[in-house]
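Please take these sequences and the hints and turn them into a complete structure.
Residue strings, one per chain:
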Amino acid sequence: MKRNRLLLLMAAAMSFTLVLHSVSADTDVTRPEVRYLGTMSCKEALPSNLEGVRLFKLCDGETKVIIAADGTEPGRPMARPIAQMVASTLLTAYQDLKTSKLLAHKDVPHTPREKETFESELNKMIQNGYTLFHSPELGTNGISCDMCHPDGANTHPETYPKFQTQLKKAALLRDMINWCIENPLEGTKLDDNSEKMRALEAYILSTRKGTPLEFGKH
Amino acid sequence: MNAGEKTKNTLISRRDFLRVAASTTALGSLGVFNLDAAAHEGVRTPFTFAYVSDAHLYERKLNKRFIRAVEKAVNDMNSLNPQPDFILYGGDLAQLGQPGELELGKELLGQLKAPVKMMVGEHDWYFDMGEKWRELFGKDVYSFDHKRVHFVVLNSVIVEDYWTEPKMTPMERMKFMAQLDNPKGKPFMVGKEQREWLKEDLSKYDRSIPLVVFSHSPLYKYYRPWNFWTEDAEQVQDILWKFDTATVVHGHTHQLLLNQLGKITFHGMLSTAWPWPYPPEGVPKLTIQMDRADPFDQFDGCGDGTLDVMSNGQANITYNLWSRKPRYVTYDDIERLWITHGLGQLEPGPSY
Numbered sequence: 001m002k003r004n005r006l007l008l009l010m011a012a013a014m015s016f017t018l019v020l021h022s023v024s025a026d027t028d029v030t031r032p033e034v035r036y037l038g039t040m041s042c043k044e045a046l047p048s049n050l051e052g053v054r055l056f057k058l059c060d061g062e063t064k065v066i067i068a069a070d071g072t073e074p075g076r077p078m079a080r081p082i083a084q085m086v087a088s089t090l091l092t093a094y095q096d097l098k099t100s101k102l103l104a105h106k107d108v109p110h111t112p113r114e115k116e117t118f119e120s121e122l123n124k125m126i127q128n129g130y131t132l133f134h135s136p137e138l139g140t141n142g143i144s145c146d147m148c149h150p151d152g153a154n155t156h157p158e159t160y161p162k163f164q165t166q167l168k169k170a171a172l173l174r175d176m177i178n179w180c181i182e183n184p185l186e187g188t189k190l191d192d193n194s195e196k197m198r199a200l201e202a203y204i205l206s207t208r209k210g211t212p213l214e215f216g217k218h
Numbered sequence: 219m220n221a222g223e224k225t226k227n228t229l230i231s232r233r234d235f236l237r238v239a240a241s242t243t244a245l246g247s248l249g250v251f252n253l254d255a256a257a258h259e260g261v262r263t264p265f266t267f268a269y270v271s272d273a274h275l276y277e278r279k280l281n282k283r284f285i286r287a288v289e290k291a292v293n294d295m296n297s298l299n300p301q302p303d304f305i306l307y308g309g310d311l312a313q314l315g316q317p318g319e320l321e322l323g324k325e326l327l328g329q330l331k332a333p334v335k336m337m338v339g340e341h342d343w344y345f346d347m348g349e350k351w352r353e354l355f356g357k358d359v360y361s362f363d364h365k366r367v368h369f370v371v372l373n374s375v376i377v378e379d380y381w382t383e384p385k386m387t388p389m390e391r392m393k394f395m396a397q398l399d400n401p402k403g404k405p406f407m408v409g410k411e412q413r414e415w416l417k418e419d420l421s422k423y424d425r426s427i428p429l430v431v432f433s434h435s436p437l438y439k440y441y442r443p444w445n446f447w448t449e450d451a452e453q454v455q456d457i458l459w460k461f462d463t464a465t466v467v468h469g470h471t472h473q474l475l476l477n478q479l480g481k482i483t484f485h486g487m488l489s490t491a492w493p494w495p496y497p498p499e500g501v502p503k504l505t506i507q508m509d510r511a512d513p514f515d516q517f518d519g520c521g522d523g524t525l526d527v528m529s530n531g532q533a534n535i536t537y538n539l540w541s542r543k544p545r546y547v548t549y550d551d552i553e554r555l556w557i558t559h560g561l562g563q564l565e566p567g568p569s570y
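Chains as they are written, first to last, in the numbering used here: chain W, 1 to 218; chain B, 219 to 570.
Watch out, some of these pointers could steer you wrong.
As the list claims (entries may be wrong) - Listed next, the in silico EDC-like pairs over lysine to aspartate or glutamate satisfying Cα-Cα at most 16 Å (straight line): (1) B/282 / W/182; (2) B/402 / W/151; (3) B/290 / B/515; (4) B/393 / W/146.
Unchecked claim - Not the full set, but computed from the structure, chain B residues with beta-carbon under 8 Å of chain W: (5) 313; (6) 384; (7) 386; (8) 394; (9) 444; (10) 499.
What the hints assert, rightly or not - Calculated from the model, a selection of chain B residues having no Cβ within reach of chain W, i.e. all distances over 10 Å: (11) 282; (12) 283; (13) 314; (14) 325; (15) 402; (16) 510; (17) 526.
Since the hints were derived computationally from the structure, they do not count as laboratory data.
For glycine and all other residues, C-beta sits at the position ideal for the given N, C-alpha and C.
Here you go:
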């Protein structure tokens, strides 16, 4: 959930940056940094990492819209163009939120922009995995994963977790990935949460789309 | 699939074939058909040849794993008693076509006691277009006779030029070819030049002489995405078709594989290096699939084998699986398999 929300916020931030560009071009004023940070429930406290940033909030009792404006000092009036920009950014963000263009989990379909973001971020991860899977860099003897597993064949990620007799424990896919790296590839095993391991898992899973999940199957 | 459709129309049904075969035998016994062949019938001496295939060697300093496997095969071969008449090496001696890899292969195969017949694979070829391989082993396309059986060795890994236009380096060209699941991969061919050579070579022989063809890729269409495939397979089959008995022995697929199209029987060879899973479609119906290999056992699903050529020219193959019981596929078994599939009623599958 958190990851999804973050992606949404990133997508929203990108769209607002475009809006701000056009405003500054029209008014010919030095462009202040006005950043859309996201939305959250009015009851939730702000994340602690926002301390020291000058924030502007708009709250309707349910949802808060938060933006940050650099180049302004607390307690001092803002220059008019900056104040306008802060206000319009807040309003646009709020309106966008209320017309639900960005939140797909409130009976509203994903926007094309969201879909593009989802797809490109996912494909990037899968592509990184594909590259690693087809490269001898994980090992020391020239062997790469695809040599025994063309198109990810015989990796059956849908059967994990399962008891692996040879490992004497219930194993996850990543345990077998590491086993292969250490044995046929004669390499050093990857950290469970490393980007490389995550990418390899993403690629292997991507080759089995539509396969029923059958954990424990031998 | 167009090729499948085409073959469907031209393939003689099994029943028709048996009818033709029966009438041929009758004509033969009446002395109408080929006196020379009839005169020699029954005097052909059965013999055995062996095979080792798909070693995929890296240079010694990089990888010992695949060397151990070849040494195991060499031990197997040298322990055969009696020794085979010769040993076919089925291609892909090297992994990346490096001179050092091919030289290492030559050194390891040099330990074999029986004579060796070499065949080339794509991993041997696409670094320097076969230059080093030919320097070490001679011609890549040739034929020979042995105990009244005609043997042909093909180079079936010819592909369209994909490297000149994008200005690939030799290593880029090699790696492009070495990736089995390369989505941009080009299909293997025997090619026009070699098909002409084959026609010419075979024109000197009577149809009754048993024919054994060695090719690295299967000479039929099995699974295109992994190049378990020969693009001009039908045209090559048409050339072999005139022979009463033809056996094709191929490498590249690293698995137990059996197919039969009319009079041509196809056997896949095991690899010494690693087994390949069966692809999601296209496995010939006659193939009894090997269960998936145990990844914790380097040698499971790997091995070598022998072929016994009978006095009638048919071949029985023995798969010497290193971590399993051996698998025998006799010509009679194939006949029985056809019966279990419904004699004469087998629908051409995607492997056609």
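Each hint, compared with the structure:
Proposed proximity of residue 282 of chain B and residue 182 of chain W is supported: the alpha carbons are some 15 Å apart, at most 16 Å. Among the hinted pairs, residue 402 of chain B with residue 151 of chain W is consistent with the structure: their alpha-carbon atoms are about 13 Å apart, no more than 16 Å. The straight-line distance between the Cα atoms of residue 290 of chain B and residue 515 of chain B is roughly 14 Å, inside the 16 Å bound, and the hint therefore holds. Taking the CA atoms of residue 393 of chain B and residue 146 of chain W, the gap is about 13 Å. The hint holds against a cut of 16 Å.
Hint on residue 313 of chain B holds. Least Cβ distance to chain W is approximately 7 Å, under the 8 Å limit. For residue 384 of chain B, the shortest C-beta to C-beta distance to chain W is roughly 18 Å, which exceeds 8 Å, and the interface hint is violated. Taken as an interface hint, residue 386 of chain B does not check out: its beta carbon lies about 17 Å from the nearest beta carbon of chain W, beyond 8 Å. Violation of the interface hint for residue 394 of chain B is found here, the shortest Cβ-Cβ separation to chain W being roughly 11 Å, above the 8 Å cut-off.
Among the interface hints, the one on residue 444 of chain B holds; its C-beta lies about 6 Å from the nearest C-beta in chain W, closer than the 8 Å criterion. For the restraint placing residue 499 of chain B at the interface with chain W, the shortest Cβ-Cβ distance is roughly 12 Å, beyond the 8 Å limit, so the hint is violated. Under the 10 Å C-beta cut-off, the non-interface status given to residue 282 of chain B relative to chain W is violated; the minimum distance is some 8 Å. Interface exclusion of residue 283 of chain B from chain W breaks down, the closest Cβ pair being 6 Å apart, not more than 10 Å.
Distance check for residue 314 of chain B against chain W: the nearest CB is about 8 Å away, which does not clear 10 Å, and the non-interface claim fails. Under the 10 Å C-beta cut-off, the non-interface status given to residue 325 of chain B relative to chain W holds; the minimum distance is some 18 Å. Every CB of chain W is more than 10 Å from the CB of residue 402 of chain B (nearest about 13 Å), matching its label as outside the interface. Not every CB of chain W lies more than 10 Å from the CB of residue 510 of chain B, the least distance being 6 Å, so the non-interface label is violated.
In this structure residue 526 of chain B is separated from chain W by more than 10 Å, as the shortest Cβ-Cβ distance comes to about 31 Å.
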